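On the provided structure of chain A, position chain B as indicated by the hints.
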Amino acid sequence: MSPYRSISVIATLFLFWVVMSGYFTPFLLTMGLVSAGAVLWFAHRMDVMDHEGHPIHLGKNAFTYWPWLLKEIVKSAWDVSRIIVSPALPISPTMVRVKTTQKTPVGQVTYANSITLTPGTISVAISGDEILVHALTREGAQGVADGDMDRRVTAFEGLS
Amino acid sequence: MIVLDILTWLLVSAGGVFCVIGAVGMLRMPDFFTRMHAASVIDTLGAGLIIVGLILQSGFTLASLKLIILGLLIFFTSPTASHALANAALARGAEPLLADDEGEPSSSPR
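Going down the list, the sequences are from chains A and B.
Reminder that position 121 of the first sequence reads as 121 in our numbering, one-by-one numbering, no gaps.
Each number in our numbering corresponds to the 1-based position in the second sequence with 1000 added.
It cannot be assumed that every hint is accurate.
[Claimed, not checked] Taking lysine-lysine and the BS3-like style, the derived pairs with C-alpha atoms no more than 30 Å apart in a straight line are:
id: 1; chain 1: A; residue 1: Lys71; chain 2: A; residue 2: Lys99
id: 2; chain 1: A; residue 1: Lys103; chain 2: A; residue 2: Lys71
id: 3; chain 1: B; residue 1: Lys1066; chain 2: A; residue 2: Lys71
id: 4; chain 1: A; residue 1: Lys99; chain 2: A; residue 2: Lys75
id: 5; chain 1: A; residue 1: Lys75; chain 2: A; residue 2: Lys103
id: 6; chain 1: A; residue 1: Lys60; chain 2: A; residue 2: Lys71
id: 7; chain 1: A; residue 1: Lys60; chain 2: A; residue 2: Lys75
id: 8; chain 1: B; residue 1: Lys1066; chain 2: A; residue 2: Lys75
id: 9; chain 1: B; residue 1: Lys1066; chain 2: A; residue 2: Lys60
No lab work stands behind these hints, which were simulated from the structure alone.
Predicted model only: the values in this text are computed from it and were never measured.
With the rest of the complex left out, here is chain A (with noise of 0.2 Å):
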């Protein structure tokens, strides 16, 4: 474990306690910090702090990929309202099984928490390296096919 790990993980917790909290005096201050610390001891003990538990290495490339991410939530979000107002209801549901290029299980994670999270497409079930994605139009289903989003996911896990 590494000591930077540790302070991030501390710094996060104890800025979640302010925020939660409200108060700013010295001794509940206090208090907030030992919580953070006590966390931080039994989070240590039960071995979850590592790069799943508190992906710190993600950071940067977060600000690349989530704009990219709210940007096609938005788009889609929109295109399922479309669907859903029209009077004749145009869709046409369709399953596919979509291959992953992610190395690591957070790299998969955030790849079919995306599918998701976009409107008109939920992944479903996952086995190996492929998705079983639904989708509420062959369109879409076509989009998630493309395989765009893998890439820039792939991209965002940073390893490759």
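Coordinates of chain B only, in the frame set by chain A:
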């Protein structure tokens, strides 16, 4: 501050409209999986626009930070819950309604 008020008004109203659209979609869609697609409009655009609108009202305060944390919570938990729900439905044998080649939704052969 009147500009901020108008912006909040627009954002929160738009968020509300998308929530209603999602709800209508849940009623109109034909099966379980397509209903989930309609519901995902609510927790992305619906909740997102309302939170942004409320952040504009509270300005640079702790309340805004809490709203951002709330947004992040939805951002991380909603896809996880959706995936668990869809996965459980498929595992328990819910058959997704799939479109045939003519583009009309029809029941899928197992």
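Hints versus structure:
With a C-alpha separation of about 23 Å, the suggested pair Lys71/A and Lys99/A falls inside the 30 Å cut-off, and the hint holds. The suggested pairing of Lys103/A with Lys71/A holds, with an alpha-carbon distance near 25 Å, which does not exceed 30 Å. With a C-alpha separation of about 23 Å, the suggested pairing of Lys1066/B with Lys71/A holds against the 30 Å cut-off. Between the alpha carbons of Lys99/A and Lys75/A the distance comes to roughly 23 Å, so the proposed pair stays at or under 30 Å and holds.
Only pairs whose Cα atoms come within 30 Å are accepted, and Lys75/A paired with Lys103/A is accepted, the gap being roughly 28 Å. Proximity of Lys60/A to Lys71/A is assessed by CA-CA distance (about 18 Å); at most 30 Å being required, the pair is judged to hold. At roughly 24 Å between alpha-carbon atoms, Lys60/A and Lys75/A fall within 30 Å of each other, so this suggested pair holds. Note on Lys1066/B and Lys75/A: the hinted pairing holds, with a Cα-Cα distance of about 26 Å set against a maximum of 30 Å.
Distance check on the hinted pair: Lys1066/B and Lys60/A sit about 22 Å apart at the alpha-carbon level, within 30 Å; holds.
Consistency note: the structure conflicts with none of the earlier hints.
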